[in-house]
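Same order as they appear, the protein sequences are chains A and B.
Start counting the first sequence at 31; every next residue gets the next number (our numbering).
Start counting the second sequence at 204; every next residue gets the next number (our numbering).
Derived by calculation from the structure, the hints in this document are not laboratory data.
Mixed in with the good hints, there may be bad ones.
To be verified - Computed beta-carbon distance windows for the label pairs: (1) G86(A) with P475(B): 32 to 42 Å; (2) G557(B) with F200(A): 25 to 35 Å; (3) F200(A) with V365(B): 55 to 65 Å; (4) A43(A) with D512(B): 48 to 58 Å.
Here a beta-carbon is modelled for each residue, glycine too, at the ideal position from N, C-alpha and C.
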Amino acid sequence: MLTYLARRLIQAALILLGVSVITFALLYLLPADPVRQIAGRSATAETVENIRRQLGLDQPFLVQYWRYLTGLLQGDLGRSYLQRSEVSELIAARLPASLLLMAGAIVCELLIGLTMGLIAAVRRGTPLDQGLMIASFVGVSAPQFVVGLLLLYFFAVQLGWFPIGGYGTFQHLVLPSVALGILGAGWYSRMMRSSMIDVLRQDYIRTARAKGLSRLTVLMRHALPNAILPVIAMIGIDIGMFMSGIVVIESVFGWPGIGQLAWQAIQRVDIPIIMGVTLVSACAIVLGNLLADLVTPFIDPRIRLR
Amino acid sequence: MKRFLKSTVAGVTLAALMSSLPVMAAETGLDPNAKQGGGIVITYKDDVATLDPAIGYDWQNWSMIKSLFDGLMDYEPGTTNLRPGLAESYEATADGLTYTFKLREGVKFHNGRVMTAEDVKYSLDRVTNPKTQSPGAGFFGSIKGYDAISSGSVETLEGVTVVDPQTVKIELSRPDATFLHVMALNFASVVAKEAVDAAGADFGRAPVGTGAFKLAEWTLGQRVVFERNADFWRQGLPYLDQITFEIGQEPIVALLRLQKGEVDVPGDGIPPAKFTEVMADPAQKARVIEGGQLHTGYITMNVAIAPFDKVEVRQAVNMAINKQRITQIINNRAVPANQPLPPSMPGYDPSYEGYAFDQAKAKELLASAGLKDGFETELFVMNTDPNPRIAQAIQQDLAAIGIKASIQSLAQANVIAAGGEKDQAPMIWSGGMAWIADFPDPSNFYGPILGCAGAVQGGWNWSWYCNEDLDKLAAEADSMADPAKAAERNALWSQIYGKVMADAPWVPVFNEQRFTMKSERMGGADALYVDPVSIPVNYDYVYVTDVQ
């Protein structure tokens, strides 16, 4: 177990190194020139060159990357080109909001997804089942910004139940969590349905029914715990999905998380922020996957980690 | 980069202000209806970049910085008329090479310290020092000693001298007709040295100036709060106790919140998709204030790429574009243009007729250039609405005279990069990146975008047009600092732009209008809501009507 963990952590470090090289190279190769974004149009050629020199952007790629990496290893993500603040500070200020939104989204996707999957499995083959599966399909394929805008329009503007975007209270959290969770809910409902159908076919379910337990007791006490575990193990993998989702959802809802920060930075070619957010997301994804793998043997003893 | 300035009388003002006699500061009349107190909410989509006046250079932080800091010169609210700011008065010598500014007594920084001439000198040294990385350093190029400081060999501007604590003298190396405008730019704001030293690179997050407001709170990614500076040196100002800038709000969301009374001014303006709807509703339209701005949208034709090296071809394109239709595409938020300068800029030539829309004549011109069957080319455009739609209209107009243009719709930074390479972009529609003047002076539309200095790799002269004769005339015009020659100088500029149009490296398409929406409770003259220097509004002078 420990050797497994050590090996996975080394792998994780290598993956992060790879991500940093690739992202840095892509940003380097971008035809856009960050210096000209900073300098604006009235800047003289002299000013532009001065800024380029001060930021070290006149150096060859390897030198630039080496400088970045040595900074990174000391925990220095650099300063934003346009905001001039420490990137680590900008990310730290926004990370709690993103984590809160992800937690909200996990609750939503599990609540919606598992309930839908459970009902569909129990009512397998009925129009209700088909209806729910079509709904899950729509949930998986609908573009998130459309879902976000529709939720905002109906529940905030028309009905006035929730605030129109923003951050701060529980009411603010509901709509973006649902918007972000709907995609996952679609996946979970399908997984839950097949897992549940699988479990309901097992002998011990028939035994339980045979000894006279009610349908509901069998379902909740015997079937559900067994069906739900493999599904829940997927949460770790979800984190990767959320990382792309928050860029869109946070922008739509004005949610002050790192997705919004990334979106702004991309538009302004603010390379240190783009790098920082990418690395933080990569860390989250790697950790999420690792967590999912570590949890699996506890859920299914047939699986061993080596 | 995105200054919106408007002027009708700037030339006249300049003449009045640049007399060699001392000009005394006159306090602009306060609004008798204004009430003191209350707060407003302004929304923005993007984070506030920095509040360091030496660095901030986007249309969002420009007006915020204006309310936190002051420079020696300033503009009368709602106009582009220069007036003294931290300077009480100033004198210029007859040769236009020496300016002596007398400072106001007892002006205090937000930290309570009294501002002196040393602070003025420190601030100018700081903005021109290459280590500060100021995008605006080049504006100060006419101050004596600029070259030495920008090369890094010295730390101080030779031309700026502290005469006594209330007097500062600035010597120029050449007469500069735009110098007083430069002293009114944010880059020339006076900062407190001890605060800069204490905050270091984070001064942009902990600004200390002399302005009407001081920074009270900055929650990253959420809001910035300004609080009234009770010691502000302009008596009775500002009216508002507090301004809250809420960050991260989409324009469409901001509009909905304005309708619910939660927002006072959507800082990013009315979203284009909602413009028609807002203007069709009398209740909402009543809260929209329209004004001009110093903006021109244009198509560049790269004279280094065939067949745009032929003047007939460029003229033919000028005749082929239906500008009226393009302004309709953007719901008439603009007026058609026929020359580089916008109508409200001094030097604009109202008698110039431009190239009339005449596709038959355009075809004849193409034929005379040996391109009877037209040619294929590319039109680069920024990929956000409405620019791709405008590009399609241009594409259709070009097709009518036989030019097949394929549209390259790219992110802003990529279009800018392509324009800065000599052999990449044959045509560019400037929308979303169009020129908006830094200050109301005709010279501001020439150098970087039409002069030889901009026709370099990474420059902004995307047509790569370089006419050395015109560069000489431009230099001559800018040395005419004598206020008595202001009219002559503007006429010279009209002549320069007339010659540019004869060579036709651009198709000037339209001049955009500005529309600011405000809540019902906000008061103050309309001009404050389309203030040429403060976007979206002049924070120091607006007020709310629902306070006791």
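Right, here's what the structure says about each hint:
Between G86(A) and P475(B) the beta carbons are some 39 Å apart, a value that agrees with the proposed interval 32 to 42 Å. Distance hint for G557(B) and F200(A): a CB-CB separation of about 60 Å, inconsistent with the stated range 25 to 35 Å. Remark: the range hint 55 to 65 Å for F200(A) to V365(B) is upheld by a beta-carbon distance near 58 Å. Between A43(A) and D512(B), the C-beta spacing of about 56 Å keeps the proposed range 48 to 58 Å intact.
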